[in-house]
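Student: Whenever a hint applies, use it, and build me the whole structure from the sequences.
Going line by line, the protein sequences match chains A and B.
FYI, the numbering for the first sequence is 1 to 532, going by the working numbering.
FYI, the numbering for the second sequence is 533 to 882, going by the working numbering.
Heads up, a few of these hints could be off.
As the list claims (entries may be wrong) - Pairwise CB distance ranges (calculated):
{"#": "1", "chain 1": "B", "residue 1": "D674", "chain 2": "A", "residue 2": "G205", "range": "47 to 57 Å"}
{"#": "2", "chain 1": "B", "residue 1": "L561", "chain 2": "A", "residue 2": "P89", "range": "32 to 42 Å"}
{"#": "3", "chain 1": "A", "residue 1": "E348", "chain 2": "B", "residue 2": "L561", "range": "50 to 60 Å"}
{"#": "4", "chain 1": "A", "residue 1": "P413", "chain 2": "B", "residue 2": "L738", "range": "24 to 34 Å"}
{"#": "5", "chain 1": "B", "residue 1": "S546", "chain 2": "A", "residue 2": "G205", "range": "47 to 57 Å"}
{"#": "6", "chain 1": "B", "residue 1": "I665", "chain 2": "A", "residue 2": "A189", "range": "51 to 61 Å"}
{"#": "7", "chain 1": "A", "residue 1": "S423", "chain 2": "B", "residue 2": "G723", "range": "53 to 63 Å"}
Please keep in mind that the hints were generated in silico from the structure rather than gathered at the bench.
Glycine included, every Cβ here is placed at the ideal spot set by N, Cα and C.
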Amino acid sequence: MTASAATPATMEIAPGTPPLVLLKGICKYFPGVIANKDVDLDVMPGEIHALLGENGAGKSTLMNILTGIYQPDAGEIIIDGYARTFASPVEAIAAGIGMVHQHFKLVKAFTVAENIHLGWDETPKRISAQALEARTAELAGALNLAVRPEARVGDLSTGEQQRVEILRVLTRNARVLILDEPTAVLTPAEAHELFKALKEFVSRGNAVIFISHKLDEVLEISDRITVLRGGRKVTTELTKDCSQKMLARLMVGHDIVLSNLRARGPNAAQVSKEPVMRLRSVSARNGDGNTVLQGISLDIHAGEILGIAGVAGNGQKELSQVLTGMRPAASGEIVVGGKDFSGAGAAEFAAFGVGHIPEDRLYSGLAPALSVTDNAVIREYMKPPVSVGRFFRPRAATGLARQIAEAASVMVPDFGMPVRNLSGGNQQRLVARREMRIADKVLIAAYPSRGLDVGAINTMMRYFVELRDLGVGVILISEELEELLNLSDRIAVMFHGEIMGIAETGSASIEDIGLMMGGQRGGFVAASTAEV
Amino acid sequence: MSIRVQRFPSAPPSAALAARAAAIVLALLVAGIILAGTGASPLKLAGQVIKATFGSSFGLEDVGLLVTPLILTGLSVAVAQRIGAWNIGGEGQFYAGAFAATGVALFIPGPSVVMLPLMFVAGAIGGALWILIPTLARAYADVNELITTLLLNFVATLLVYWVATGPWLDPGGQALATTARLPHDIPEFWGIVHWGFPLAVVITILVAAVLAFTRWGYEVRIAGSNPQAAKYAGMPFRRHLILVMLLSGAIAGIAGMFEVAGTVHRLQGGISNNFGYLGIMVAVLARGSALGVLAGAALMGIILNSGIILQTQGLNVSTVLAITGLILFFTAIGDELAHYRIIRTEPAKA
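Tutor: Following this line, the structure appears as structure tokens:
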């Protein structure tokens, strides 16, 4: 038990039991980045081992190494006492290591039974649909995971899809199940179900590696916690010896002060009487014609921060698109600055002074293959100094890009290099600064802290406060309740494309908001949609 | 310590360039080995090719005649790539441009000073019309332009065969499968090379400048690289797509007009000489850069001319096609390999 001896926190199990997974001195370098450096990790049978760390701490890289997606630059992988090298995920699966990714890898048009049997060498060569479903039901029963074998995956809820994904991994005789932020897509009730299934799975002598940055749930579910910071392991501790505060400090490396940023200074702009943006019974459809937003009524006042809470995928993305003119409203009324903007496009919203930090910056906020310069000037290319008349001036564009990068404190070695070569956090900072420059009236920020470390998140939040005090209306869409409670004056909660309620932050409890996130309508909606 | 090869997401420009040069050398080497296998002496052949191409102004003039249409068909593909479209229909648009220019020349009387610009415009319009349906289908119904532009090539090829052997067949009866000689020639610029060559270079520089130094060019760059980002910034993606694809067709059409009015002087079946398809290769060699097209077309022109010389040495015409295929093949491999670097790894500390 060399590994256990090396770490102070040892599991209470029979002596001499080898760890199911033992990683020794794992290093992984990417150009200019140390993703992992001398990381040791041991996972014992019967254990739920939490892997905790900020974005960019190296959790995903470490797990990608364990599952054969990457090969380590140094270090050893020892499974059940034997040193192994995985050239591909297939070999890792054969060794009993399965991973459920944040984004499910299921075929939506196939049934649950078909998805379970897809690409599996134990699938019988010729088999009827009924027999396949019977087989699936049998496997699910044996593993104690309730699924509907005949249902199409596209019709299932996110929680159910996750169960199918887990079942698929477990049927391959996985002994180590790796879950990457599994609760990010779940309601509290669904998360509770998942935890039950995981406890049941490890009670049979298996192990779970649970990646998360949510401290409360890590404390609830795990036996031991390993904290990574900056690609290195900080420590491994028994969960029962840990507290939220201590874990937060280990993750960040110093105490974080979760400050209440709602208080305003004497010179701050007042919340305006008239809303700067007003939505009345707005609905919207997606490309398939399904309704994705329904009866949305919102007022955004100048000088306030309006938080939008909810489990991701409940219409937040569509709402941000409607608020910025990227998606037309199917019905309802949008009034911006006293004018009817119901039919306006993205260019008109931007020209009015609406900035937009989109949730999927690589997909819509940036052109990844183009240069940093081209991407930095996308909001201001049409006016001097970047353009004079019809002419575009590359040198002036690079000048503006340099200015934005400096304000965002992003080091850019070469403004001609593709923006995708910047790290995710730097891309996010660049987009945020770019958008703040045009956001004179309103800023729509969707998940702005994704991909940033705590220090950068703090800076970003201060930017928002700064804008608010200048009299800009800020809409902050986030899945971090703490962030919303610290920052917003009001919080609207979305569920299935509708607003369940709008709460004054001072009077709302986390429980109330949690219930609305799960689909219950808030009782105090009427009061808070009225004038502030 | 062990040594391992790792793939990186981006390739440094120097590695990419070296990989390309290596690809061309390798392709020629492989071709040489195969030629040696057939009993020919590759070194002697290479010597003859170099002497015949660069040894006299006649050789360079031949190359110049071949490069002219290649610049434009290559530019046509590169321009479409800017907006994220694959125009595989350069061949068809080339024929359509040649057809339209011939029609104007044969059936409208007038002095050459007026008629040549008119034919130029007709060629551009012919090429643009030939890509109109694929363009609208892509813009409004999201139909893949790769297939539609390709299929229209066969229509244009057969159409020109038919008019050249049927309705527009030379009434003088001297030629069996072509139209009458066109009454207007593009004047010569250098030896047998007509003014189409400098014009093609000027058009390329002009297009490159518009793409780099106008607001419109910037919007096209963004829209072509990521349509979602264009939507996000409120740029009219569809309008840009339509305009750029029509421009791409028009450029290929101009190539057809130059060929019929400058080089061949009659419309005939097979007049395109595969220039439309070779343009795809020119654009790939140019890595989508408008100015790179000039270099790609020059290389392609030299290869084609070498093929003609090799034919006089009794080699089959498909040998040349095989060499161009090999270059493209090795270039594709080289582009991928440029992403790899060799890494040393150390074992874990004890």
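Student: Against each hint, give a clear statement of whether it holds in the structure.
Tutor: Verification of the hints:
1. Between B:D674 and A:G205 the C-beta distance comes to about 52 Å, which sits within the given range of 47 to 57 Å.
2. Between B:L561 and A:P89 the beta carbons are some 38 Å apart, a value that agrees with the proposed interval 32 to 42 Å.
3. The given range of 50 to 60 Å is respected by A:E348 and B:L561, whose C-beta atoms sit roughly 59 Å from each other.
4. Against the hinted window of 24 to 34 Å, the Cβ-Cβ separation of A:P413 and B:L738 comes to about 33 Å, which satisfies the hint.
5. Hint check: B:S546 to A:G205, Cβ distance near 54 Å, so the stated range 47 to 57 Å holds.
6. Range check, B:I665 to A:A189: Cβ separation about 54 Å, and the 51 to 61 Å hint holds.
7. The hinted range of 53 to 63 Å is satisfied by A:S423 and B:G723, whose Cβ atoms lie roughly 56 Å apart.
The structure is consistent with each of the numbered hints, conforming to all of them.
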